[in-house]
Amino acid sequence: MSADGARAGITVTARYFAAFRERAGRDAESLVTESRTAAELYAELARRHGFADAMTRCKVAVNDELAAWDVRLEAGDEVLFFPPVAGG
Amino acid sequence: MSFKIVSTPIDPDALKRTLTAAAAGACVTFEGWVRDHNEGEAVQALEYEAHAAIAEREGEKILAEARARFAIDSARCEHRVGKLAIGDCAVWVGVSSAHRGAAFDACRYIIDETKQRVPIWKKEHYASGETGWVNCATKPAAR
Chain R
1 MSADGARAGI
11 TVTARYFAAF
21 RERAGRDAES
31 LVTESRTAAE
41 LYAELARRHG
51 FADAMTRCKV
61 AVNDELAAWD
71 VRLEAGDEVL
81 FFPPVAGG
Chain D
1 MSFKIVSTPI
11 DPDALKRTLT
21 AAAAGACVTF
31 EGWVRDHNEG
41 EAVQALEYEA
51 HAAIAEREGE
61 KILAEARARF
71 AIDSARCEHR
81 VGKLAIGDCA
91 VWVGVSSAHR
101 GAAFDACRYI
111 IDETKQRVPI
121 WKKEHYASGE
131 TGWVNCATKP
141 AAR
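Residue numbers (the numbering used here), protein chains in the order written: chain R, 1 to 88; chain D, 1 to 143.
Extracted from the complex, chain D is given alone in its bound form (with noise of 0.2 Å):
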């Protein structure tokens, strides 16, 4: 399986050799970093939660999409769930093709449909104690 969901850290470099192509003259990877601010709130960690059996079969589809629209050898992506400090890597991306042209392009289209498309969510834990759901309007119930 090209898309997964994984509770382990991800190794990049290892990610990366998968897609060594004699055919490929072109690598695009991305990463997606957990970064200390969010909309002017400070960020202390962050904890992903996702159906894993519906992200995956919908990462999927995602990267056949991909595979379709774009001149690319092979793609790949991971995202990780769980609690992630600061700097962890939340999320790789990988593609391989002849050009470098396709290999951009089906990147970014990879990542942008998984951020829409993917039952994956994000929970912050700011600096003041609080906790939020990212894109999510429904609060806790008050106690």
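In isolation and in its complexed conformation, chain R is listed as follows (with noise of 0.2 Å):
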């Protein structure tokens, strides 16, 4: 805990595509998360709902813009979680 108390949750929207959609059983969710960052709170829901793929062999973007993993979280911010891509 820091000096200045406890972390206050933020609401966030999760969007989920692909295989974490299917996995999730939902393309998206409002929750309040102690998370700060796009990487906590990927680790946060592959707890959650079970995804196995390495953070790093996937992607995220926030407010529709492809973001690097530390990107810090705001409230209110739409957090879109890539599963590794497979075009072509």
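Hint data in this document are derived by calculation from the structure and do not stem from the laboratory. Source: prediction; values computed, not measured. There could be a bad hint or two in this list.
Said to hold, decoys possible - Beta-carbon label-pair distances, calculated as ranges:
1. R:S30 x D:A53: 15 to 23 Å
2. D:A53 x R:R72: 16 to 24 Å
3. R:S30 x D:G101: 49 to 57 Å
4. D:A127 x R:G25: 23 to 31 Å
5. D:K16 x R:V32: 51 to 59 Å
6. D:E41 x R:A52: 16 to 24 Å
7. D:T18 x R:D64: 26 to 34 Å
Yeah, the Cβ is synthetic: ideal placement off N, Cα and C, and Gly gets one too.
Two chains, each in its own frame: build the complex with the hints.
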């Protein structure tokens, strides 16, 4: 716990695609989280839903822009989780 | 726009005609087709899904990189989504340039980067009735 007290939860929307959507059984959910980066949120949701893909093989987008995994999350963000891609 | 996600069949001849230019002495195209097997499993059909807006934006970046790296005149790419049958064209890349070397190199660059970076996913429908998302370790939850 930091000096300024407990982390407050923020509300974000998580959106799932392809294998993640099928595994989670939904295409989106709103949740209150103490995760502060996309990486922390992926770890949290991977535990909750059983996503088995290493984060480094996946991609994340925040508010429809591809983002780095260490991007800071803000209340109201929409976080899109992309499993490993397979075009072609 | 030169990089498009489409849900209707790809028309390679029509796409190739858009690359025609008086300065072009070479045209290299690549077509990715749906094949009937993958990693030892008989495949009956494929389903592609994309985040179209982000896919097209990332795809345009790849085309811009190809234009910056190689001496080409024009480049474009279409990737189809939805349910595809064996033999269908899933992806088409075309490049025109003054000389063949740049066209071969740019075409290869575009398809390789597209496969690695663009948010497109492929679900295989196997003869056994099972399905699987290519490259993914995440499996459907047990019911």
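Evaluate the given range 51 to 59 Å for the C-beta pair formed by D:K16 and R:V32. holds (52 Å)
Between the beta carbons of R:S30 and D:A53, is the distance compatible with 15 to 23 Å? holds (21 Å)
Please check whether D:E41 and R:A52 have a Cβ separation lying inside 16 to 24 Å. Check passed, 19 Å falls within 16 to 24 Å.
If you check the beta carbons of D:T18 and R:D64, does the distance land in 26 to 34 Å? holds (28 Å)
Mind checking the hinted window 16 to 24 Å against the Cβ distance between D:A53 and R:R72? holds (23 Å)
Supplied distance hint 49 to 57 Å, evaluated on CB atoms of R:S30 and D:G101: Given a distance of about 52 Å, which is inside 49 to 57 Å, the answer is holds.
Can you let me know if the beta-carbon spacing of D:A127 and R:G25 is within 23 to 31 Å? About 26 Å separates the Cβ atoms of D:A127 and R:G25, which means 23 to 31 Å holds.
Every hint from the earlier list agrees with this structure, and none is contradicted.
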